[in-house]
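Engineer: These are the residues of each chain, in order.
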Amino acid sequence: MAKFTLNGHEQAVDAAPDTPLLWVLRDHLGLTGTKYGCGMALCGACTVHLEGAPVRSCLLPLSAVEGKSITTIEGISADRSHAVQRAWIEIDVPQCGYCQSGQIMSAVALLKSNPSPSDAEIDAALSGNLCRCGTYARIRRAVHRAAELLRDGSGS
Amino acid sequence: MSARAPGHPPSRWSRRDFLKHSALAGGGLVLGVSLAAPATGPRTPGRPVSELNAWLRIGSDDSITMLVDRSEMGQGVYTALPMLIAEELEIDPARVRVVAAPVGDAYVNALNGGQVTGTSNSVPDAWEKLRKAGAQARLMLVAAAAQRFGVPASACQAAEGRVTASGRTATYGELAAAAARLPVPKDVKLKDPGQFRIIGRPQPRLDTPSKVDGTAEFGLDVRLPGMLYATVALAPQLGGRIQSIDAKAAEAMPGVRRVIASDTQAIVVADHFWQARKARDALTIRWAPGPNAQLDNAAIRARLLEAAKKPGLSALTSDDVAAPLKGGDAEKGLSQAAKRFEAVYELPMLAHATMEPMNCTADVKGSHCDLYVGTQVQSIAQAIAAEAAGLKPAQVDVHTTLLGGGFGRRLEVDFVPAAVIASKALGVPVKVVWTREDDMTNDYFRPPALEAVRAGLDAQGRLSAWALHVTSPSITARFDPTNKDPFDSVIEYVQNFPYAVANFGLNYTRQEIGIDVGYLRSVSHGPNCFAVESSIDELAQLAGKDPLAFRRELLAGKPRHLEVLRLAAERSQWGHPPAGHYQGIAFMEGYTSLIAQVAEVSIERGTLRVHRMTCVIDCGQTVNPRIIESQLESGMVYGLSAALWGDITVRNGQVQQRNFNAYRVLRLNETPQFDIHIVPSVGKPGGIGETGVPPIAPAVCNALYAATGKRVRSLPISAHGLA
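Residue numbers (the numbering used here), protein chains in the order written: chain A, 1 to 156; chain B, 157 to 879.
Just so you know, the hints here were simulated from the structure itself, not pulled from any lab data. Model, not experiment: these values are computed from the prediction. Just so it is clear, CB atoms sit at the ideal spot from N, CA and C, and this is done for glycine as well.
Derived, one-sided and incomplete: chain B residues facing chain A with beta-carbon distance under 7 angstroms:
| id | residue |
| --- | --- |
| 1 | Arg361 |
| 2 | Thr364 |
| 3 | His428 |
| 4 | Phe429 |
| 5 | Trp430 |
Selected chain B positions facing chain A (in silico; Cβ < 7 angstroms):
| id | residue |
| --- | --- |
| 6 | Gly230 |
| 7 | Pro360 |
| 8 | Asp377 |
| 9 | Arg592 |
| 10 | Glu789 |
| 11 | Ser790 |
| 12 | Tyr794 |
| 13 | Asn817 |
From chain B, some residues computed to sit far from chain A (all C-beta separations above 12 angstroms):
| id | residue |
| --- | --- |
| 14 | Gln313 |
| 15 | Ala314 |
| 16 | Ala326 |
| 17 | Asp419 |
| 18 | Ala493 |
| 19 | Ala499 |
| 20 | Lys580 |
| 21 | Gly617 |
| 22 | Tyr861 |
Produce the entire structure from the sequences given, and follow the hints as far as they go.
Structural biologist: Shown next, in the form of structure tokens:
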């Protein structure tokens with residue numbers, strides 16, 4: 001039985017220790033907001049936070065999160081009130097939407113460590129997140145907008 | 157697209173016809189015969205809901221639900237189609253709850269001949285139909301109010317979800333039950349564009365909130381009580397078959413419930429996906445390599461080159477070729493030309509590479525099957541699931557989820573039967589998930605093509621002849637192998653060759669390559685537009701004219717076309733790029749839209765960098781300009797990925813690109829700046845989902861020529877060491 005903190009709550013799960021966290025979240029715990037895209041940490045669709053830092057959950061075995069803290073898209077706010085979510089809605093970033101959980105998790109992590117990122121810093125932080133619908137230009141705008149909301153103190 | 161008289165057989169097998177024929181080929185099933193099933197999805201329990209028509213349900217609690225019969229794959233139909241109804245119904249679209257329509261007659265796309273999302277025509281098909289449905293419902297609600305108030309209908313006004321008359325008011329929810337019992341008015345007058353309050357104005361997407369908190373449900377996210385998970389072992393070589401299989405070790409692994417093998421795949425069913433995925437590796441399968449064991453790219457290319465020596469069949473006999481293109485004689489025009497030009501443009505195979513790999517969930521219980529799937533073809537998915545379950549199509553309910561990208565890949569249903577077979581065998585719901593590697597190596601690829609252009613200029617440097625000869629496998633022949641018609645969806649774009657030329661030719665040589673090919677976003681428009689716009693640029697150079705001025709000359713007398721070019725020049729500052737930057741232009745008339753793109757590029761340390769894309773479109777009346785802008789950005793990113801790196805290659809019958817490390821696609825840091833301009837227009841709405849894709853490859857290659865003097869006539873650009 002593996003134990004870790006998931007979105008602020010203690011979580012126990014009975015799965016093989018080599019099971020990637022992605023599938024533990026999706027299939028064992030029913031948190032399907034985190035997506036499977038490539039299984040090789042190439043696309044970023046499975047991005048979650050491990051101790052606050054973005055990681056690709058598709059290659060992260062359950063054994064590696066024992067006792068650690070994990071945050072998923074379901075855990076960044078209860079009501080879409082996080083500044084990044086609000087900016088995403090304001091700019092209508094998603095198209096098909098499949099990659100957006102991963103994009104948002106990368107953006108949330110970036111803004112935590114860098115509240116006023118430049119275009120180049122946004123590019124560097126999010127270039128590991130693929131989007132086949134091509135929402136990239138809006139992602140850039142939305143990250144800037146989220147930074148503004150956070151600076152104004154109106155984000156969570 | 158040319159109009160066709162009723163009863164006149166299609167003169168070619170276009171994407172919009174393929175469904176009818178594929179369904180026929182698949183055992184005599186006729187599409188659209190099943191009756192509309194009741195809408196699925198949650199409603200407020202205990203509150204009556206009234207059906208005003210096939211798309212609209214109004215609850216007594218004033219909830220408004222719309223059934224959208226096109227699949228949402230990012231292109232925005234779950235917002236744009238409800239807006240059409242909302243405009244005439246007089247409600248705020250933000251109030252609408254969207255559910256996916258079931259399979260039903262009412263939901264057939266008349267332009268595609270089936271319940272199909274494709275060909276960028278969801279809005280063109282719905283334009284009259286859904287506005288009329290909204291207007292009819294409004295008139296019924298008004299009539300119900302008139303009865304309730306005891307006043308004539310003409311005294312009633314409908315606005316913002318309620319009907320008022322002489323100081324009395326009732327909400328649509330209060331009127332819906334009575335309205336639903338009234339006759340449906342036949343003749344309704346729709347608003348003139350000047351009266352639109354919703355259509356043509358930017359509106360927030362209705363699906364965005366669910367896509368920022370992880371609650372949006374894609375096929376991969378379907379969860380049913382007692383559901384098992386499965387993955388499949390597919391042939392490593394295209395066309396390979398299972399000779400023998402030993403599943404003992406796999407079936408002994410934790411959580412594994414069953415291994416089901418057919419001659420083409422083994423389905424591994426387990427309690428969880430990861431268990432199935434690991435057990436798949438423990439299968440011992442001997443594969444018969446099949447007919448493609450020796451196939452590689454050199455052999456494919458050799459076949460196409462050899463076939464291209466034949467002249468092919470002329471498509472000019474087809475009704476679908478625009479009449480002005482038929483008047484001349486290409487050979488005569490070429491022989492009399494003052495200057496002649498010849499070039500062969502070469503296009504590789506491409507994978508769709510949707511972000512969400514193929515998957516499907518089925519729940520077969522007795523004589524019923526529930527199918528949960530992200531599909532662009534509900535009625536075909538229904539038919540193939542029925543076949544796999546041994547049921548009739550009417551016994552299969554298709555629940556369309558959101559699609560994590562479609563791009564034409566989900567016009568195919570190859571991933572559906574495994575879920576049905578496994579669910580039937582185990583008696584519980586089963587979700588089948590393909591891995592990324594399965595998805596990429598078992599795609600129906602965009603066909604490779606050789607596109608040979610021969611053209612001539614007269615003594616004044618004007619275009620006097622232009623002829624295209626395409627050699628490529630046929631997409632539509634997959635659905636009707638007996639088809640002898642020369643017109644095929646790999647040459648469809650050129651039927652509307654936009655430029656004035658006295659002598660025009662269009663020939664097609666069908667050459668199969670042993671691999672199934674499929675429809676990929678923009679289909680023929682991508683390869684054809686590359687040949688047209690690259691050759692026009694080369695001809696401008698041969699004529700000693702500016703590429704933009706040359707195009708303008710060829711579009712003389714077409715004011716809408718010229719306006720698009722003029723704006724593209726103005727907004728891109730054509731001819732005046734920043735120092736060290738170079739420009740290239742491309743134009744397309746397709747999906748009943750007109751589009752021009754200007755690429756601004758530089759070469760940095762031997763590598764191409766695309767800095768900025770100017771994109772001007774006239775797509776007729778807009779529905780939601782915000783979504784149009786997104787779709788154009790989307791098309792350019794999709795097209796640029798393909799232009800720079802897209803290349804599926806085969807060695808010994810195996811696809812060599814298995815994941816995103818080998819099949820490179822554009823990333824955020826490689827994305828150019830976009831400057832998009834929509835020309836105000838009142839024509840009928842044009843298509844937008846695919847329109848942004850084709851021009852970017854020739855625009856970038858034309859800019860590359862301006863920068864380097866090197867003509868890139870084959871894609872991807874990376875094969876030339878420049879990307």
